[in-house]
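Chains as they are written, first to last, in this note's numbering: chain A, 1 to 420; chain B, 1 to 420; chain C, 1 to 420; chain D, 1 to 420.
It should be emphasised that the hints constitute simulated quantities derived from the structure, not laboratory data.
It is possible that part of the hints are untrue.
DSSO-like mimics (lysine-lysine), calculated; alpha carbons at most 27 Å apart, straight line [as the list claims (entries may be wrong)]: (1) B:Lys-296 / D:Lys-296; (2) C:Lys-194 / A:Lys-296; (3) A:Lys-96 / D:Lys-96; (4) A:Lys-144 / A:Lys-176; (5) D:Lys-35 / D:Lys-8.
Being a predicted model, the structure only gives us computed values, none of them experimental.
Number of protein chains: 4
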Amino acid sequence: MKKQNKEKTGLWLIGARGGVASTAILGLSALQAGKTDGTGLVTENYDFKDVSSVFPAWSEFFVGGCEIRTGSIYDTVATLGGIHPAIRSDLIQACKRDLAAIDSRLVPGTIRGSGKCIASLADMDLPTEDAPAETVARLESQMKAFVDQNGLSSLIVVNVSSTEPVNAAVQSILEKGGNDGKKLNSLWDKALNKKCSQSSESSLPASSLYGYAAMKNGWTFINFTPSTGVPIPLGDLWSEQYGSAYMGFDGKTGETLMKSVLAPMFRNRNFNVMSWVGHNIFGNLDAVVLDDPANKSAKVASKDRLLGEILGYRPQTLVTIERINSLGDWKTAWDHIHFQGFLGTPMALQFTWEGCDSILAAPLVLDLSRLALTARRRGQTGRLDFLSSFFKSPQGASTHDFARQYLALYDWVMGAENGK
Amino acid sequence: MKKQNKEKTGLWLIGARGGVASTAILGLSALQAGKTDGTGLVTENYDFKDVSSVFPAWSEFFVGGCEIRTGSIYDTVATLGGIHPAIRSDLIQACKRDLAAIDSRLVPGTIRGSGKCIASLADMDLPTEDAPAETVARLESQMKAFVDQNGLSSLIVVNVSSTEPVNAAVQSILEKGGNDGKKLNSLWDKALNKKCSQSSESSLPASSLYGYAAMKNGWTFINFTPSTGVPIPLGDLWSEQYGSAYMGFDGKTGETLMKSVLAPMFRNRNFNVMSWVGHNIFGNLDAVVLDDPANKSAKVASKDRLLGEILGYRPQTLVTIERINSLGDWKTAWDHIHFQGFLGTPMALQFTWEGCDSILAAPLVLDLSRLALTARRRGQTGRLDFLSSFFKSPQGASTHDFARQYLALYDWVMGAENGK
Amino acid sequence: MKKQNKEKTGLWLIGARGGVASTAILGLSALQAGKTDGTGLVTENYDFKDVSSVFPAWSEFFVGGCEIRTGSIYDTVATLGGIHPAIRSDLIQACKRDLAAIDSRLVPGTIRGSGKCIASLADMDLPTEDAPAETVARLESQMKAFVDQNGLSSLIVVNVSSTEPVNAAVQSILEKGGNDGKKLNSLWDKALNKKCSQSSESSLPASSLYGYAAMKNGWTFINFTPSTGVPIPLGDLWSEQYGSAYMGFDGKTGETLMKSVLAPMFRNRNFNVMSWVGHNIFGNLDAVVLDDPANKSAKVASKDRLLGEILGYRPQTLVTIERINSLGDWKTAWDHIHFQGFLGTPMALQFTWEGCDSILAAPLVLDLSRLALTARRRGQTGRLDFLSSFFKSPQGASTHDFARQYLALYDWVMGAENGK
Amino acid sequence: MKKQNKEKTGLWLIGARGGVASTAILGLSALQAGKTDGTGLVTENYDFKDVSSVFPAWSEFFVGGCEIRTGSIYDTVATLGGIHPAIRSDLIQACKRDLAAIDSRLVPGTIRGSGKCIASLADMDLPTEDAPAETVARLESQMKAFVDQNGLSSLIVVNVSSTEPVNAAVQSILEKGGNDGKKLNSLWDKALNKKCSQSSESSLPASSLYGYAAMKNGWTFINFTPSTGVPIPLGDLWSEQYGSAYMGFDGKTGETLMKSVLAPMFRNRNFNVMSWVGHNIFGNLDAVVLDDPANKSAKVASKDRLLGEILGYRPQTLVTIERINSLGDWKTAWDHIHFQGFLGTPMALQFTWEGCDSILAAPLVLDLSRLALTARRRGQTGRLDFLSSFFKSPQGASTHDFARQYLALYDWVMGAENGK
């Protein structure tokens, strides 16, 4: 056991020059060098301070990943926040060499099924492949090379790339395959080997190809985005076949986190939520991608879903996400909740959330990697349900109530400590 | 058991013409007549809809109480909300006869230790008594007469009167008595029999006298205010001696409810709360009383306490409650939370809560009465810890986290159902 | 002069059972009966209190109008605000007979060029006419009958109906006609006599037909909506030909009023407005109509226009208007203004406006009628520029700065007093 | 005239290491070096862009001043904003040498009548003087030396030090002296020569001594604070005697600026403002001083005064200013305005202002200096009424309406251009 602890585990970030990944990379570098503290990290919170030995140390992670854009991790973090810098420049300078080293390791990703908007941003020289299967083969060989060359014990692959449009190819596999593993496998193989260019809308999407490449090697795949990735029956199937683990969808960082915290109060106090309006404005690269209606609809659905599930009925809801350039990474959300109390009296709660998107998301990426590695060391495979509090649309979720989700995490960690 | 169910239980409201009591009275009347639904009532929420038989029916309650002011329950609810009515006038008209009948049953209360501001509002002809013991004797006889004349099985006494100043007499008993029951009894008796006029600041306070009068008769005392009432060692002592039950302090209705819902999120996500500012404005009679600094300090302490206990450290906090006449019962709170996330980046959450104070509090008074009666029927005496989610400063609380408090309630109710 | 003052003037409301018209009708009735004061009326403000004799008395107005929907003025005002009533019910009861009398006088309007959404709401039996000219003839005869039967001195026609889609027929006349009066007249006549059903999109729109019917009789036409109505060259032409007066567009009541008040501050202090986001939510009938994208775009353009004109440059702007049923007439707007100050430092202003749409608009309709009648008595015809402060997109406006617009009104009123 | 333009004018800042002065010094340095643009400067706004030659160039100013604290201008600007930096560090680095040069020129000020809180912050070695007259003599000699040694044509003295408590000595002179110049002079001389230590509460206050020292030399005194400074009859008297000029009180930068912009709208639209609540939180050195109730009351009065004067009646108002350390210079204000519209319907406007105090104030200090110098070159002495838009409590103000105040400035500038 001890020996294994000394080995490093790979953290493979998809979209590694994006805001979330770049901030996570900077943060990990700063943590490893003792230049920042645990603020914002769930695994370093007050509840876990006496059981921290249950988690791998930050020094045990070694970062690699892929991109479709040129630029650099350094540039991303240095301009994060736009006109209002989000990260202290001295911290960035102190980690500059680490960022450059990681940048030099990044390899080309894929834009299959990512939509026109993402494709238009791809200025790296991406290999042309005739079928998704060829792309998977390339992705696998990239990851394996990374593991081998760096002597890593295993890999945790985290998708933090921009949101893809809803994908019809995977939907069709799920509908036709049902829960029949054999059928699913054969449908998947067929789609994988179907010739189609990387710009084709009928291709299997990048997020699913990354996930498949990771899982068929027994690694862990975390989908931090609302993109298709690895849906449940496929994830369970591959976990069983390959001994891998997975979890998603869509990191719960800001407005939706607030919803999952506040909605249970409205339910418990039996307030009748008549309407819940949420307007989000921000100006980073994600906003550019979400400006494309195809990409946006996947996101809005993910933000909107949980209310009805928590409350037990569906109030009128409205969620918008709009690009306002001057805000950069500072996502500002205004929510207006109109509810009835006793005797039918209408009342209102409004909130404004002013958070830096990448700063909120990046520590969760690190927490997820740390917890996923903890699970691996405990021999846990399959869907990592105990991570539900980290996601807007947790796969296999029995509840969207943040407090209950958090209790599940707490119990799992404490169980892990007790060797359970 | 069935027979007992058919008997009625008394609900004795202290401050019965105040906004909270009057709204509770109207609401109970409307519930009994099927003129309103369960919105705003915890015991009627989604979680409990299949176990509603565990609770007494609303028809099993019979209301009485005391006051120190003239006026009427009808006038209170008709003008609730000031310029912006809080309750539909047709509902008030439909219950007008009930309100008048209850009004006619109200008896004079006491203003002992309530401070100059409350004393100045007392325009009923209140009996003059030379010592607190005489006041207790009168209060007891009033309650007993109510029980006897109406054939009630027992009594639940709820304090919903205005906030008293902090009381030195009770503080002194607690300090000197420690946990020594005998000593506490003797100190209490001495204070009870010490001659002092009702306007004396050294008198035992009204809230404690009401509580004592209730508990020594084996009844339940609920302190919905931050006033002294029945502090823990006395409450436990009297519960044991007289087989009664009790719980307090200070109903958790608006801004503090929000704090107990949001602060656990900041703790769990390991955000560093640097400051939490809460400004409350409203214009009802409570606001008049809280305009007196002596009364206000008790309230602010109650609103401010829980943050440090949830977070595990004390951020800078600021809580104000100010009287703005035009708002009437519509309490508007603005909270500004300044916190650090990952890499030390500062972010902010602001919320504005626009709620009608009495409409938020009244259903909790009914829930508490219903749950207290449920406990009585299950033979439970002493401190009713499972009610902590209803209070800003729950007596004996092990947590201020609303979600955990609510789970305790949920488990208790489900246990009650299972005959546990 | 005195004799004329004793005569009554007609106030002809288009969309008379809508929220704005119904509230204006109730308000006028209450003012005439001395049951409400001048709050919310510009002509009764502090600046004009010593010159009130310059304005006609409220008793001098006599209301009529047209509609396309059944229902009643009484129902509109009684349910205004939805779950949160906007008008005291005793005031509505006190004026109930007046409202019924006016309701009985209402005649059918027209839905020409009003779009599918408005057409779907039209449940009155509207006459079928083969060409706009026939419709104009009917509208004229309705108005003339109203004037004759009630011995009115003249008529002020105010359009407060729902927003129409942008109209191509009028656009084409303006483009082809330029400033050539003869050509404009002939193009107008041609369009007027072109056979087209009332549901045809190529028809001249209702708002323009109402305006023409009013102006060709020498009356005053006020367009309180962003609908096409009477554009400038036509308005000037008809004013000259028929001695009539006109003004529009789109009453400035809430969020846009705020913009025209705040933007000059940003300009004067030389703050660089980087972005101005305004989200509007409400749930009245207007919201239903604006849910149709065709109708909405006309409205949003009107709300968005003035910022660039005040600031001297165009910041990024975003304006949404969304239907949230529970809010009824209570329009809630959240605006977020992101601006740079000295040394490029970014700062922000947010505001939330919670106003009742009809309550804000109705007094302006009465003010406009009163001021238009004042102008008539002073012999003023043509475009009533001094009314620009009342409009989001004032016709012929030289400024959108509310303070400057108001000064123009102030000077005009004072000039009127001095016999100028 | 041309020759004079080439000479430099002194800008003497009182409290030169405070946030406002330090930011103004940095800003002037950056302007002189062409490293920042005119954003935030009134004299560089859109209205004045074609008449900029009427103003002196930024290069014509030469900065000096006094302090009572050690530290440095550089440290002040580098830490401005606390955890959230307010100024780009590259700009600060670029001007570092200039700041050091000015720092080296600063001389000791005085803390006479500044209250205990300010006295406790004074860590410079301040001369001990037995009477205010001695202090004035020292201040004069410091200013004169600055003028002589640097060959300056004249001096503009701006008070940007912390707010003093209300001063009884000056109040008494004003009450006894009335408008009798002779009497005022003799009372002033008496107070000036009365022996009293610098810590005495009965001393003439620092702000008045600075003002007197400036004005008796024919220079201009601008009081950017609510401190006593030079009240009207004294200012007019000294202007006449010495040919000097003056203006105050209290720079209008944030929440009060908003009030003077919004209140005229409420007046013009005849809304009945029932209450206006303003809560301000911030954490810079000013906040430390305002934490002392003696200093705070002067400030709150200045923020609260104008509403009644604009509206024509006094609504209920509440203004708080509280110190929240984490906010640093970022002053956050929440205002809640509760008003009645037509038919008595209550509505509300809330706004949150998030501005950096020094960044808002500093450009106004530069504008005032520039405009004061423009006035001097035009030969204007006495009270500079045209500057009223810059002040919360403008001396001799006929209006608090920002738009009207700004028009007065605009007209004055345009008149200046036309040689009027």
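(request) Could you check the structure against the hints above and give me the numbers of any it violates, in ascending order? (result) 2 and 4
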